[in-house]
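Number of protein chains: 2
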Amino acid sequence: MQLITDPRAIEEQSMRIIEDHLPDLAMLPAGERAIVKRVVHTTGDLSCAQFIRFHPRAVESGLSALRAGRPILTDVNMVRSGLIKDRLTALGVAVDCLINHPEVVTRARARGTTRAMVAMELGAPQIEGGIIAIGNAPTALFTLCRLISTGRAKPALVVGTPVGFVGAAESKEELISLDIPYITMTGTRGGSTIAAAVINALLLMA
Amino acid sequence: MQLITDPRAIEEQSMRIIEDHLPDLAMLPAGERAIVKRVVHTTGDLSCAQFIRFHPRAVESGLSALRAGRPILTDVNMVRSGLIKDRLTALGVAVDCLINHPEVVTRARARGTTRAMVAMELGAPQIEGGIIAIGNAPTALFTLCRLISTGRAKPALVVGTPVGFVGAAESKEELISLDIPYITMTGTRGGSTIAAAVINALLLMA
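Quick note, the sequences are listed as chains B and V, same order. Note that UniProt numbering gives residue 29 to position 29 of the first sequence, counting from 1, and the numbers run on in steps of one. Note that UniProt numbering gives residue 2 to position 2 of the second sequence, counting from 1, and the numbers run on in steps of one.
So here's chain B without its partners, still in its complex pose (with noise of 0.2 Å):
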């Protein structure tokens, strides 16, 4: 076997292989195609693409929100530093995480509950136009389903795609019905690199 080491083609050839076993991708708009090659690519799974929703206005909303350099809040830390570094620096969007912030780890200790519920809390309130991404826990969806829907939050695009299975698909489930710019998962399926790789695609893009 040859072994191919540069990265470019190593991608390029990756993406070919993806489209050649997923021919049904042709069908879908630029953006979202986009996104669910770079989830399948991420996860070295095929079947991942069949769960994969989109808001109809998701890609637009989530384009222009990195093009206006509005901020990105992740649940968890492995989702942001699974981001494209460059790509961040180049549109000057920041990201932050507080699932290690004092106060959070405080107040989830005093009430019992998990700090990505607490970090949500807090941080979805100052997003405003951003783009909110929760990779990991059902707990973060749910709280931030609750935001939006009493208008306490208002996020450009949820990248929602919580894991497990207690609560996560009661999550994307809940997310879904809500008439706001979101992709998702569907299932229990779900994780921190695949919500890096869905904002990977739009960094990509933007």
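Just so you know, these hints were derived from the structure itself, not from any lab. Among the hints, a few may not be true.
As the list claims (entries may be wrong) - No more than 20 Å apart at the CA atoms, straight line, and that leaves these computed lysine to any residue pairs for SDA-like:
#1 V/LYS85 <-> B/THR106
#2 V/LYS85 <-> V/ILE4
#3 B/LYS85 <-> V/VAL105
#4 B/LYS85 <-> V/PRO102
Could you slot chain V onto chain B? The hints should help.
Then chain V, alone, in the frame of chain B:
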């Protein structure tokens, strides 16, 4: 639906659901079972379990390394940022990742190869008796396998779960062919969250 917000209760319920759906896990040794459960918990995907492979001495060797406070090297920052900080601190385990090291960036650009590959050449020889975790780049795992087979790197355990359609499956086959302690996921699937989950399971047992 009753929303569970206590983090320990969420994890316990998640693990019970996984055990109910994967009764065959009961036949694995306790350490391997804990690792498979945590990977499934992290991906929200029961089908992951069938692709995980353990060298017979992997768990024992990984636990010894952690208990001795030996370092961890990761291929990308996402793996590092996914590790449980309290456990690392308690065990005195340092985690390093050289992907953004100035020398790595310069050398990779000059040679037209991936930074992950150069970072492994630079870092792996320093990690004698520690754990090397590759969650993203097949080129990093190919490089590490060559360093190990030529005696230039001697980790106690390799957690090799690179991802993708270009070289990932082959790099993991090569890892399995070396007779050293490894934990891997065969095929195209893998990723940073999976590599971090494997190490977190070990951190919680150590």
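Outcome of the hint check:
A C-alpha spacing of about 17 Å is found between V/LYS85 and B/THR106, which places the hinted pair at or below 20 Å, so the restraint holds. Of the supplied pair hints, the one linking V/LYS85 and V/ILE4 is violated, its CA atoms being roughly 24 Å apart against a limit of 20 Å. A hinted pair counts as satisfied when its Cα atoms are at most 20 Å apart, and B/LYS85 with V/VAL105 qualifies at roughly 14 Å. For the proposed pair B/LYS85 and V/PRO102, the alpha carbon gap of about 15 Å is at most 20 Å, so the pair holds.
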